[in-house]
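Enquirer: Each chain, written out:
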Amino acid sequence: MKTILAFLILISLTLTAASQSKYEQTMKSTIEKMNSNENPAGFQDAANTFERISMNESGEWLPLYYVAYSYIIISYQEQDLTKKDPYLDKAQGFLDKAIKIESDESELFALQAFLYPSRMTVDPMTRGMEYLDKLNGAIDKAIELNPENPRSYYLKAVITLNMPEAFGGGASVAKPIFETAKEKFEKFVPESPIHPDWGKEINQSELDKL
Amino acid sequence: MKTILLFLFQFLMFSTLAQVEISGIILNQSETPVAGANIFLQGTYDGTTSDSLGHFSFKTTESGNQTLVASFVGYETIGISLEITGNISSLRIIMHEMASELNEVVINAGTFEASDKKKSVLLKPLDIALTASANGDVYGAFGTLPGTQRVGEEGRLFVRGGEAYETKTFMDGMLVNSPYYSKMPDLPTRGRFSPLLFNGSVFSTGGYSAEFGQALSSIVSLNTVALEPESKSSISFMTVGLQGSRSKRWENTSLAVTGELLHTGLSNRIFKQDVEWLKQPLITGSTVMFRQKTSETGMIKSFGSFNYNTSSMVHNNIESGINQDITLNNATAYFNTTYNENINEKWIFQSGVAYNIDNEVTFLGKDKIETHDNSGQLKAVFTNFTTDKIQFKFGSDYIFNNYNQKIDMDGNYELPFDNNELSAFAETEIKINSHIALRAGGRVEYSSLLKEINLMPRFSSALKTGKFSQLSMAYGTFYQNPANDYLKFSPVLEPEKSSHSILTYQYKKDTKTLRLEVYHKNYSNLVKFKEEYSVEPGNYTNTGKGFSNGFDIFWRNQKEFGKSDYWISYSWNDSERDYKDFPERATPYYVSDHNLSVVYKKFFTKLNMFGAVTYSFSSGRHYFNPNNPEFMADKTIPANDISIGLTHILYLFDKQTVLHLIVNNIFGFDNIYGYTFSNTPDSNGVFQGKPIKAPQKQMAVFLVSFQF
Numbered sequence: 001m002k003t004i005l006a007f008l009i010l011i012s013l014t015l016t017a018a019s020q021s022k023y024e025q026t027m028k029s030t031i032e033k034m035n036s037n038e039n040p041a042g043f044q045d046a047a048n049t050f051e052r053i054s055m056n057e058s059g060e061w062l063p064l065y066y067v068a069y070s071y072i073i074i075s076y077q078e079q080d081l082t083k084k085d086p087y088l089d090k091a092q093g094f095l096d097k098a099i100k101i102e103s104d105e106s107e108l109f110a111l112q113a114f115l116y117p118s119r120m121t122v123d124p125m126t127r128g129m130e131y132l133d134k135l136n137g138a139i140d141k142a143i144e145l146n147p148e149n150p151r152s153y154y155l156k157a158v159i160t161l162n163m164p165e166a167f168g169g170g171a172s173v174a175k176p177i178f179e180t181a182k183e184k185f186e187k188f189v190p191e192s193p194i195h196p197d198w199g200k201e202i203n204q205s206e207l208d209k210l
Numbered sequence: 001m002k003t004i005l006l007f008l009f010q011f012l013m014f015s016t017l018a019q020v021e022i023s024g025i026i027l028n029q030s031e032t033p034v035a036g037a038n039i040f041l042q043g044t045y046d047g048t049t050s051d052s053l054g055h056f057s058f059k060t061t062e063s064g065n066q067t068l069v070a071s072f073v074g075y076e077t078i079g080i081s082l083e084i085t086g087n088i089s090s091l092r093i094i095m096h097e098m099a100s101e102l103n104e105v106v107i108n109a110g111t112f113e114a115s116d117k118k119k120s121v122l123l124k125p126l127d128i129a130l131t132a133s134a135n136g137d138v139y140g141a142f143g144t145l146p147g148t149q150r151v152g153e154e155g156r157l158f159v160r161g162g163e164a165y166e167t168k169t170f171m172d173g174m175l176v177n178s179p180y181y182s183k184m185p186d187l188p189t190r191g192r193f194s195p196l197l198f199n200g201s202v203f204s205t206g207g208y209s210a211e212f213g214q215a216l217s218s219i220v221s222l223n224t225v226a227l228e229p230e231s232k233s234s235i236s237f238m239t240v241g242l243q244g245s246r247s248k249r250w251e252n253t254s255l256a257v258t259g260e261l262l263h264t265g266l267s268n269r270i271f272k273q274d275v276e277w278l279k280q281p282l283i284t285g286s287t288v289m290f291r292q293k294t295s296e297t298g299m300i301k302s303f304g305s306f307n308y309n310t311s312s313m314v315h316n317n318i319e320s321g322i323n324q325d326i327t328l329n330n331a332t333a334y335f336n337t338t339y340n341e342n343i344n345e346k347w348i349f350q351s352g353v354a355y356n357i358d359n360e361v362t363f364l365g366k367d368k369i370e371t372h373d374n375s376g377q378l379k380a381v382f383t384n385f386t387t388d389k390i391q392f393k394f395g396s397d398y399i400f401n402n403y404n405q406k407i408d409m410d411g412n413y414e415l416p417f418d419n420n421e422l423s424a425f426a427e428t429e430i431k432i433n434s435h436i437a438l439r440a441g442g443r444v445e446y447s448s449l450l451k452e453i454n455l456m457p458r459f460s461s462a463l464k465t466g467k468f469s470q471l472s473m474a475y476g477t478f479y480q481n482p483a484n485d486y487l488k489f490s491p492v493l494e495p496e497k498s499s500h501s502i503l504t505y506q507y508k509k510d511t512k513t514l515r516l517e518v519y520h521k522n523y524s525n526l527v528k529f530k531e532e533y534s535v536e537p538g539n540y541t542n543t544g545k546g547f548s549n550g551f552d553i554f555w556r557n558q559k560e561f562g563k564s565d566y567w568i569s570y571s572w573n574d575s576e577r578d579y580k581d582f583p584e585r586a587t588p589y590y591v592s593d594h595n596l597s598v599v600y601k602k603f604f605t606k607l608n609m610f611g612a613v614t615y616s617f618s619s620g621r622h623y624f625n626p627n628n629p630e631f632m633a634d635k636t637i638p639a640n641d642i643s644i645g646l647t648h649i650l651y652l653f654d655k656q657t658v659l660h661l662i663v664n665n666i667f668g669f670d671n672i673y674g675y676t677f678s679n680t681p682d683s684n685g686v687f688q689g690k691p692i693k694a695p696q697k698q699m700a701v702f703l704v705s706f707q708f
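Chains as they are written, first to last, in the numbering used here: chain F, 1 to 210; chain P, 1 to 708.
Don't take every hint at face value.
Keeping only pairs whose Cα atoms sit at most 16 Å apart, straight-line, the calculated EDC-like set for lysine to aspartate or glutamate is [unchecked claim]:
hint	chain 1	residue 1	chain 2	residue 2
1	P	Lys512	F	Asp123
2	P	Lys602	F	Asp123
3	P	Lys232	F	Asp133
4	P	Lys124	F	Asp80
5	F	Lys84	P	Asp510
6	P	Lys512	F	Asp80
7	P	Lys232	F	Glu130
8	F	Lys134	P	Glu230
9	P	Lys183	P	Glu360
10	P	Lys655	F	Glu102
11	P	Lys509	F	Asp80
12	F	Lys83	P	Glu97
13	P	Lys693	P	Asp186
14	F	Lys134	P	Glu228
15	P	Lys559	F	Asp123
16	F	Lys22	P	Asp46
17	F	Lys175	F	Glu165
18	F	Lys83	P	Asp510
19	P	Lys563	F	Asp123
20	P	Lys124	F	Asp123
21	P	Lys559	F	Asp80
22	P	Lys508	F	Asp80
23	P	Lys606	F	Glu165
Partial list, computed: chain F residues near chain P (C-beta under 7 Å) [unchecked claim]:
hint	residue
24	Asn48
25	Lys84
26	Pro86
27	Lys90
28	Pro164
Calculated directly from the structure, the hints in this document are not laboratory data.
Remember, it's a predicted structure, so these values are computed and weren't measured experimentally.
Ideal Cβ positions, reconstructed from N, Cα and C, are used throughout, including at glycine.
The whole structure should be built from the sequences, with the hints applied where relevant.
Expert: Right under this line is the structure:
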């Protein structure tokens, strides 16, 4: 009898835990699936799943974060310049919703800084100046909200690297920023397994190229 | 024990038995599979993504009445009611492409629009600012578009066989009465406003909306920027003067002030001009722009500009055979204020007031001509969007004009007139489906001076002929009051009239655009006179008429950033008129049959340099030769021009610095715009003539601008 009771208690605990973490589990498996693929179709699938989750978990900013993140990646992968904006419009919509939920989250502003360069590539002549100002604003805000968020530094380093030297950019200026990012990545521990935790490898490979 | 086991068993049964599969296919209207769509049951986690063939399949534990939702970027989201009692397969879901600016039919016959926001446009505001040969002049840039004719000694826009005064300029919908600087004989002028003031513009070469009137040929509609993006200052040093600006931004308010002082003394010393200046041209000007956001959708825009220019030269007047000192002093002030607000979701209200003061004093030797031209405008427009397919617009404007010319020339004369012009218009635009759009409207104008009411129908339509192509047409009639120079002598004239018929084909795919346009214009009621400057009754009549036919070709290929971007525009025009003092119908002096412009731009990423080149060609122009018994039968040689512009951006003393060099007619083509002849024959009975040329063959301007 005792064993049965113990067994029952165990089962009921697992069941409640399972229903509570259906959100976390789905998030986790989708993040893993997203990270294991390279092509736009995979990111579209991830975006769709995160969007479905976000509709059921209206108080959570993470599903919205990942929908936006997926669409931004798709926009970078898209070669046709005229098709980038619709993806970015979609990403911006989800990002705006996430910022409404969590207006002091450094990761959301870092993601915003990840979005703007894609907007610029559509039409650098007309958009360059406008988005460069917005981009710097987003990075500054992300750093201000959490100076330990490594992604803000990684993004700042990439922007600096791609700026002409005449504008205060270039490899020599960017290198120390990549190094700062590296330090921050090494110390960084995500709040939970489903919190943003990307950029370490790419930061290292960029640094190796310099 | 048993009950517990039973409970467990039931629980397991429930979770396995209730799972059903939902599958099907997603297609668009043309039955092509939609890959990547999100399909799910509303309010659940259950769903999937359609595969590359549009197939989808997912499992769910839900049952009963549910909504299946399908959504995808660029498509309208749809919901389908389902009753789930078991597996559902072979669902066929048709998704509809969202009407986006890129695939929607657009009414655009006769229209070139430049905008950052709209994607269907062919030009960006920066294209206008950076076109070589335009010298940073809005009208110079539009002069490289098809439908225009280059008239080197004028510098103003001549559109499709029309004179310069037939083109009217509007700023934020309000009339700008004196858009150009005043002009010395045979020397080109330019627009008063910097292209950097505007973030959108529309150049219509005909068939335009009923909202615009009093323009026989063309309109240029410029939209000023909304709130200034940030507070900043700039100062520019040029070989022809100084410019400065300061803008300040508050949350919902911005204020921007510019000032300039232009003097060509230094430049004319380097690039010798074939002009004997007594006083080198001096231009001072400033603008003030105030913006106030009054609500989420409401905006007040105020603009003011002040200009004073003065110059003095010796004019070799070959007609009368004497050298004459000409001095020109002009002071102009222009103000406008507009207020726009969305009354509710369906109504937009736009209103504005404008005032223009233009005072000019000209000395011809000892003679003095003083011209005062004051005008003002009030305008209100309501737009209704009943559905996104139907738009209805109506409005009214009132324009007054007080004109007075005082002439002190062997006695004192005064030539005043006043006019009050009241107009109203209504226009509706209907998108019948994603392939066909129609716009029909009318305008009515009444002039208190001419005492006449005129009704002008306007009609245009567009038909999508393929995914990337469309056909548009426009028809309209247009009235314009005779020029002030005639009205001051004879206020009993009627408005001049024109009608336009235009057919346009446009193909736009990715970075490439091809646009072909044919047109026919009819002119009637044109002013005709026996003798210029005569006050004799019956001298001025409205018996002039003419026509203008032609076609335009525009090709643009705008590659990716850093690569080349170019456009080619070609215009052919055939027009004749019997007007002014013409003894018979003839091609007027400003018309050249063939005009070609090739505009090329490239950004050199490594050098951080922007380069632009413009080549333009105009075939010979007719001119009147009194030695030839046939009227207007002589033609000039063709004109060629290659101009370049280089812009380099760098950081100097920690400030963003722009270096800008423009060189016009870099190869020094010897262009002849026409000839003037003496009024009296010499001793051999020959009328002596003189070519009209640019004051200097080549011209360069260098600019350094600091921003902080």
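Enquirer: Hint by hint, say whether it matches the structure.
Expert: Hints and how they fare:
1. Lys512/P <-> Asp123/F: 15 Å, holds
2. Lys602/P <-> Asp123/F: The given pair, whose Cα atoms are some 14 Å apart, holds under the 16 Å limit.
3. Lys232/P <-> Asp133/F: 13 Å, holds
4. Lys124/P <-> Asp80/F: At roughly 19 Å apart (the allowed maximum being 16 Å), Asp80/F and Lys124/P break the hint.
5. Lys84/F <-> Asp510/P: 12 Å, holds
6. Lys512/P <-> Asp80/F: Roughly 13 Å separates the two Cα atoms, so the pair holds.
7. Lys232/P <-> Glu130/F: Given pair Lys232/P, Glu130/F holds - Cα atoms ~14 Å apart, limit 16 Å.
8. Lys134/F <-> Glu230/P: 11 Å, holds
9. Lys183/P <-> Glu360/P: 11 Å, holds
10. Lys655/P <-> Glu102/F: 37 Å, violated
11. Lys509/P <-> Asp80/F: 11 Å, holds
12. Lys83/F <-> Glu97/P: It holds: about 14 Å lies between the C-alpha atoms, which stays within 16 Å.
13. Lys693/P <-> Asp186/P: 8 Å, holds
14. Lys134/F <-> Glu228/P: With Cα atoms ~14 Å apart, Lys134/F and Glu228/P stay inside 16 Å; holds.
15. Lys559/P <-> Asp123/F: Holds. Lys559/P to Asp123/F sits at ~10 Å (cutoff 16 Å).
16. Lys22/F <-> Asp46/P: This hinted pair holds, its Cα atoms lying about 12 Å apart.
17. Lys175/F <-> Glu165/F: 13 Å, holds
18. Lys83/F <-> Asp510/P: Holds, at roughly 10 Å.
19. Lys563/P <-> Asp123/F: 12 Å, holds
20. Lys124/P <-> Asp123/F: It holds: about 10 Å lies between the C-alpha atoms, which stays within 16 Å.
21. Lys559/P <-> Asp80/F: Since the Cα atoms of Lys559/P and Asp80/F sit roughly 12 Å apart, the hinted pair holds (cutoff 16 Å).
22. Lys508/P <-> Asp80/F: Given pair Lys508/P, Asp80/F holds - Cα atoms ~15 Å apart, limit 16 Å.
23. Lys606/P <-> Glu165/F: Distance of about 10 Å is within 16 Å: holds.
24. Asn48: Status holds, d = 4 Å.
25. Lys84: At 11 Å from the nearest chain P Cβ, Lys84/F fails the 7 Å test, so the hint is violated.
26. Pro86: Holds, about 5 Å.
27. Lys90: 6 Å, holds
28. Pro164: 5 Å, holds
The structure does not agree with the numbered hints 4, 10 and 25 stated previously, though it agrees with the rest.
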